Amino acid sequence: MTDETTHALAFTPEDLPKGKGFFQPHRIVLMLIFASLVLTLAVFMRWDWLPRYLPKLGSGILVSLAMLFSTAIIGFLLAVPLGLAQVTGPWFLKAPARIFCTVIRGTPLLLQLWLLYYGLGSLFPQFPAIRHSFLWPYLREAWPYGVAALTISFAAYEGEVMRGAFAGVPAGELEAARAYGMGRWTAFRRIWLPRAVHRALPTLNGETVLQLKSTPLVATITVIDVYAVISKVRQETYLTYEPLLLLAAIYMCLTGILVVAFRYFENRIPTRGA
Amino acid sequence: MAADTFINWSLLSLSAPGWGGVLLQGFLHSIQIAIGGYALGLLLGIGGAFGKLYGGPVLRDLLECYTTIVRAVPELVLILLLYYAGTDLLNQLLGAVGFGSIDISGLVAGIFVIGVVQGAYSTEVLRGAIKAVPAGQIEAARAYGMSPVKVLRRITLPAMLPYAIPGLANLWLIATKDTALLAVVGFSELTLVTRQAAGATKAYFLFFCAAGALYLALTLVSNVFIGMIERHARRGFAEQR
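Which chain is which? The protein sequence lines are A and B, in order.
Residue numbering for the first sequence is 1 to 274, as defined by the UniProt record's numbering.
Residue numbering for the second sequence is 1 to 241, as defined by the UniProt record's numbering.
Just so you know, the hints here were simulated from the structure itself, not pulled from any lab data.
A quick note: this is a predicted structure, and the numbers were derived from the prediction, not measured.
Beta carbons are placed, not taken as given, at the ideal position from N, Cα and C, and that holds for glycine.
There's no promise every hint is true.
Claimed, not checked - Some chain B residues near chain A, calculated using beta-carbon distances under 10 Å:
1) Cys65
2) Tyr66
3) Pro74
4) Leu94
5) Asp103
6) Thr176
7) Lys177
8) Asp178
9) Ala180
10) Leu190
11) Thr191
12) Thr194
13) Lys202
14) Thr219
Full structure from sequences and hints, please.
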């Protein structure tokens, strides 16, 4: 029963403040206090390094976002067959899918990432066939390992979500599709998949935010994302807090933008009684 | 090294030339941090949930900021921030009082960091669970003349458990896996120890798979216990599915 509840922890659109009643007296006071706090931070902390690193920060953010979207999209495409195999597959598809999801969800992402990068990365050069293949220029880089690890992780978590979503589509709708004379593929394409995705959408949004929060791990295998840029700033300027605070602010902005965007898309899908 | 056979199992032996003992030591550290951080997070969560439900408007807004910030910023960044800021603030506080600085052990810092992160999540889980308790049950308790503390102890806390346990179980699993992130700040828990062992022996696959197996075992054993606890908490509920 614990499997279906991962999404309970995800960051969802409901967490953002609603427009009405937002400006109450105590909130205005709190906001003023926060504003003065931010102002003191801005005045009394050192920010002179900021202009020098701005271009690098920009490209770092782009790398993080590229990591997020590429892994989320590929991961989701993998998650659909994973979920489907667990719901309807024969045992020889069901069992591997289950094991895959359990193993990936049961081990830390950092460990998987390091296993791929240090493990496979140290194994590949031993095979001349791989060294001379067209893939080698990519396999020498760090980012393919990061993308692979993040994709696998997203696919495993999403596979569980999609399993629940596929299983949760009312049987009557599928029977109706069959009564209309739809083939299995048509019924899947027209009814089962869209309904499952619709059911899983809020969870998917939350998981995407969680995925954004996993991307800084790729900095530990020398991918230069925004986290790595900030680490470099910290090494070069010997500042502890300022870069980290900026980093936290950047991630909060990214999360906020993601959540607002998801809320917009979710509202575009008509739901009864919403 | 170990070129004669593909896998050199002796590297995992518990005594000195093998790294098994070191790995298990790191595993123990991970479990200690997970338990400590989870317990601290639960305390913060109970306080946070009650503050959010029954506190004044200012307290509620502050708690909202806490949970929103913690859930929007990556754990890795939070761990770095709290690790440096926490130790620094404590030392400055002690310096101001006149005690002089102390060395904070990695274990305490790790528990503190994981606890603060977990606190935000468990606040949300517990708040949802308390809100899911049917209002009539609490009203009935009040009608019986129970004091608020007694209502809490006899009705609210036991009645919310079935709703809270799936979320809390998830948090426990997240806590065990979040300990791996402490490797980045240099605390010698399982993941960092594994990396050191792998780097020293070049047997990357062996050690990372061994560590993965340990984490997986922890998860699976936890799942068994979670199932037992859940069945106990849900007794008297209609069985679902």
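- Item | Structure versus earlier hints - violations, ascending order | The structure breaks hints 2, 4 and 5; every other hint is satisfied.
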